[in-house]
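Novice: Residue numbers (the numbering used here), protein chains in the order written: chain A, 7 to 640; chain B, 846 to 905.
Source of the hints: derived by calculation from the structure; they are not laboratory data.
Computed from a predicted structure; not experimentally measured.
The hints are all genuine.
Anything over 12 Å on all C-beta distances counts as not near chain A; from chain B, calculated:
#, residue
1, ASP864
2, THR866
3, ARG869
4, LEU870
5, PRO871
6, ARG872
7, PRO873
8, LEU874
9, ALA875
10, TRP893
11, HIS896
12, ARG897
Here are the computed distance ranges between Cβ atoms for each label pair:
#, chain 1, residue 1, chain 2, residue 2, range
13, A, VAL300, B, ASP864, 34 to 42 Å
14, A, ASN36, B, GLY859, 57 to 65 Å
15, A, TYR596, B, ASP864, 40 to 48 Å
Every residue, glycine too, gets a C-beta built ideally from N, C-alpha and C.
Here's the letter readout for the chains.
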Amino acid sequence: MNVLKKSIRTSKHNLILIVFISIGYFFYANPEQHSASTYFGNTADPLGFIWFLNWRLFAAQHHLPFFYTYFADAPFGTDLAWTTNLLSLGLLTAPLVAKFGAFAVYNGLMLAAPGLACWGAYLAGFELTEDYPAALVAGLVFGFSSYMLGQLLDHLNLCFIFAVPFCLWACIAAAKHGWSKWRLGALLGVALAFQFGVSQEIFASLVMFAALAFMVIHVLHPAGRPVLRRLLPGMAMGLVLSLILISPVLWEMLRNYGDAGRNVAAAKNYSTDLLGFIIPTPLDWLGGNLLQPVTKLFQGNYAEEGAYIGLPLLILLVRLVWRHRSDPRFATPGAVALLAAILSLGPYAHVLGHEMSTAPWILAFKLPFLKSMLPTRFMLYAWLAIAMLLATWLAAPGQKYRRYAVLTFCLLFLAPSRAYDRNWTQLATPTMLTDGTLPPDSRILILPEYFNEMGYQYESGMKFSLAAQGYLTGGLPEPFAKWPLYRTIFLQKYQKYLPLVDPHMLAAFLATYQVQYVVVTGDAAEFADARTQTAELAVLLQQAGWAAVRTDADSRLYHPATPQAVPEGVQIAAYLHEQRPENHAREIDYETYWVKAIRSLASLTGLNAQTFLNFYVAYAHPPLPVDAIAGELW
Amino acid sequence: MASNAVWVALISAGFVYRDATRQRLPRPLAWAGAVLIFWIVALPCYLWQRHRHKPPARLL
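Based on the provided sequences and hints, a complete structural model is requested.
Specialist: Here is the structure:
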């Protein structure tokens, strides 16, 4: 009888998995006919994930290292240990990538991610309450939480988080059914190792929050301490097993620890705003667009705004926890959610993007390894705790329809906006990169920098390497960034200073790294309009002695008009000591302001401007001749 | 250079420690530490606590 019951229960769980996956699919699937190079996401981030999914297969087929590539940042290459390298997903899906391509596999994983997250939370909720509707709601709250809605915009590594609720389920099940430490350890070990392969950051934060939750339960639930003591060996074994399984990757990460600071964004720039808990972002249907002028002041970007709980749900949660504060079933998840929310504020609490106060993460944000976690993502654990709390409340004895009605009203405020859910993008790869124009193993540069280059490289069949660029890591790659022109050419913020770049320096830069071709993307209108980056780069390349050897509707191919000699070390050193174009521009602005201000002051006081200007030239030593600047401030 | 928020928290924590010691409030160091790491919440809490523990005003 028990076997039959268990079998029926497993079938129900499997059926519910199909329901969750279907909900995710129907909500996010592309309603339009799409090509093989259409991907789920609206930025260039997914192209990096697509490249990584393919890299496992490509590296294995060509006997290349798993954690180093010369296909980006050539000729030096780049280390992949401290990147979002999707190791476990890449290994598990390698046969599918070989059969269907990395775009299709990436899209499939993104569409499955919310359903799997729902199912994980559902399993944990069911184990906790034995109530199907309550567990279903817990699953939906977690799988379609603000955190998930944000990360589903473009971060496969951060939304494929099935292992997080799965670990919670394993611990609850072990406590409830008296599993042996070996069984719990094996399950946790495999789940943690898998999660590490999806995202090292989620693995680290999961371990940290598991430890914090353990301490919270120990403090708030004295009666549960014997159970915790029973679980501890299994949990420790799980952690040790996972560390053994991931030890090769860990070793690579430790060997290249210096990359951690370069590749990971600053914690204080990715922290939850104090108002982020109650103000909806454009990802939310109710009020999101209306309040966009406010939410755009928040730090980070909308993909990272996972904190929106909504005022009604927040009031409900506070009321529930306060009313049942002596009941550890409510107090424990409430405390964990509060802890995660406070830690997600980062090292400094912000209000509308302004730094207002210190916050508890200030104790940890400079520590090794912990500094590589972005606090805003801790809301994942707050959402899991909230889902468990709601499941407990819904399953408690008493009138239930009223609770479901209240919760439905609260969840209405979390409904996702239809404008953001179907964010599919078509990658338009320049024809010249895929039709065999470029000789095999060419070293090229693709400009302007829109961070699409990894997608282009994958689409070309990895036929070329990218010189001094490759959107696989964050930060500024060395030694390319030492060149004064690097930021101007590769960073959007400084690209307006392109006309100030010295063409000789560009020629030397391209020759130093033996760039064979430069592909400038843009249509005819962009090349014709002198104000566009495309036209400015075309002019700059011509001045640097490069000529267009092929012109397509979507791009132009440049090659040196005459063979370019590699500059000598002394010449390179001289270029590296030149002023950066953006600094030069700033200096010009500064001097223009001062010269105009001096003239204005002279005309207001009726004194001779030339005397003041002579004094200014004699003592301030301005970089420009003051006569070149005309006019006054007023 | 530390952030402005850190300086504000440091100065507030110093005042809180001094004030809590003078007022003979329990755990002055804990209050100062709390203000140091979570100024925006701990300082209002301290002021509220201080108000609660304020001795009755002397009439004469």
